[in-house]
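Participant: So the chains spell out like this:
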Amino acid sequence: RKEVEQDPGPFNVPEGATVAFNCTYSNSASQSFFWYRQDCRKEPKLLMSVYSSGNEDGRFTAQLNRASQYISLLIRDSKLSDSATYLCVAHAGNNRKLIWGLGTSLAVNP
Amino acid sequence: NAGVTQTPKFRVLKTGQSMTLLCAQDMNHEYMYWYRQDPGMGLRLIHYSVGEGTTAKGEVPDGYNVSRLKKQNFLLGLESAAPSQTSVYFCASTIAGKETQYFGPGTRLLVL
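Those protein sequences? They're chains A and B, same order as listed. FYI, in my numbering the residues of the first sequence are 1 to 110. FYI, in my numbering the residues of the second sequence are 111 to 222.
Don't take every hint at face value.
Derived CB-CB ranges, DEER-like [as the list claims (entries may be wrong)]:
{"id": "1", "chain 1": "B", "residue 1": "Glu189", "chain 2": "A", "residue 2": "Lys79", "range": "43 to 51 Å"}
{"id": "2", "chain 1": "B", "residue 1": "Phe120", "chain 2": "A", "residue 2": "Ser68", "range": "40 to 48 Å"}
{"id": "3", "chain 1": "B", "residue 1": "Lys119", "chain 2": "A", "residue 2": "Leu46", "range": "21 to 29 Å"}
{"id": "4", "chain 1": "B", "residue 1": "Lys124", "chain 2": "A", "residue 2": "Asn65", "range": "32 to 40 Å"}
{"id": "5", "chain 1": "B", "residue 1": "Gly113", "chain 2": "A", "residue 2": "Gly9", "range": "24 to 32 Å"}
{"id": "6", "chain 1": "B", "residue 1": "Asp136", "chain 2": "A", "residue 2": "Thr18", "range": "19 to 27 Å"}
{"id": "7", "chain 1": "A", "residue 1": "Ser26", "chain 2": "B", "residue 2": "Gly207", "range": "22 to 30 Å"}
{"id": "8", "chain 1": "A", "residue 1": "Arg76", "chain 2": "B", "residue 2": "Val160", "range": "34 to 42 Å"}
Quick caveat, the hints were computed from the structure, so don't treat them as lab data. Just so it is clear, the structure is predicted and the values come from calculations on it, not from any experiment. Think of the CB as a built atom: it goes at the ideal place given N, C-alpha and C, for glycine as much as any other residue.
Based on the provided sequences and hints, a complete structural model is requested.
Facilitator: Here you go:
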């Protein structure tokens with residue numbers, strides 16, 4: 001079992017839809033989590049950090065459930081530009097190493 | 111502010127050839143990382159460095175060597191390239207005490 005698991009998708013949603021991704025992690029010692037966004041043939045870029053129960057930034061909300069060891073990302077009012085792969089990441093706790101999920105692919109359609 | 115840059119952007123090698131990938135950052139970050147990304151495998155850590163003159167193995171270090179002679183540069187070497195090393199290589203850096211990693215644009219390597 002991978003340390004960080006995500007539903008690979010793809011998620012195909014119309015513009016304006018609300019979409020949610022879930023991610024589970026196996027290392028209960030992980031303290032911080034992140035969502036990165038990766039566009040096709042580009043580098044990953046930080047979308048949100050999740051240190052406590054959750055974080056909100058505009059249309060994006062990330063929530064953390066430590067008891068169940070999962071993190072979620074909610075995107076409201078989806079835009080065409082939200083089409084990308086979303087990577088769930090857990091901090092491994094030493095030397096700033098990160099454990100990466102395989103990503104969830106999102107396609108927002110007109 | 112260039113951030114993290116990688117050289118070259120794309121390279122084709124023949125099996126057995128050697129090459130060095132260069133990563134440079136101008137953010138004065140202490141920590142630097144080399145990843146490879148393959149379909150279905152996600153990002154895997156090859157080597158990392160927590161400071162100038164120090165390096166450590168990551169998840170998939172075999173077939174690669176690294177050096178961090180200057181704080182701003184992190185070099186990844188392939189001594190004898192194999193087709194299994196065909197991949198996209200990303201360099202990243204972060205400041206001490208922070209987890210957010212900043213990535214370079216990647217190097218696409220094809221080994222024939």
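Participant: Are Lys124(B) and Asn65(A) spaced within 32 to 40 Å by their CB atoms?
Facilitator: Hint violated: Cβ distance 50 Å, outside 32 to 40 Å.
Participant: Take the C-beta atom of Glu189(B) and the C-beta atom of Lys79(A), compute their distance, and say whether it sits inside 43 to 51 Å.
Facilitator: Distance hint for Glu189(B), Lys79(A) holds at roughly 46 Å.
Participant: CB of Ser26(A) to CB of Gly207(B), is that within 22 to 30 Å?
Facilitator: About 25 Å separates the Cβ atoms of Ser26(A) and Gly207(B), which means 22 to 30 Å holds.
Participant: Does the Cβ distance between Lys119(B) and Leu46(A) fall inside 21 to 29 Å?
Facilitator: 22 Å, holds
Participant: Does the hinted range 40 to 48 Å hold for Phe120(B) and Ser68(A) at CB?
Facilitator: 43 Å, holds
Participant: Confirm or reject the claim that Asp136(B) and Thr18(A) have a C-beta distance inside 19 to 27 Å.
Facilitator: 39 Å, violated
Participant: For Arg76(A) and Val160(B), compare the CB-CB distance with the range 34 to 42 Å and indicate the outcome.
Facilitator: 39 Å, holds
Participant: Do the beta carbons of Gly113(B) and Gly9(A) sit within 24 to 32 Å of each other?
Facilitator: Given range 24 to 32 Å: holds, Cβ gap about 29 Å.
Of the hints listed earlier, those the structure fails to meet are numbers 4, 6, in rising order.
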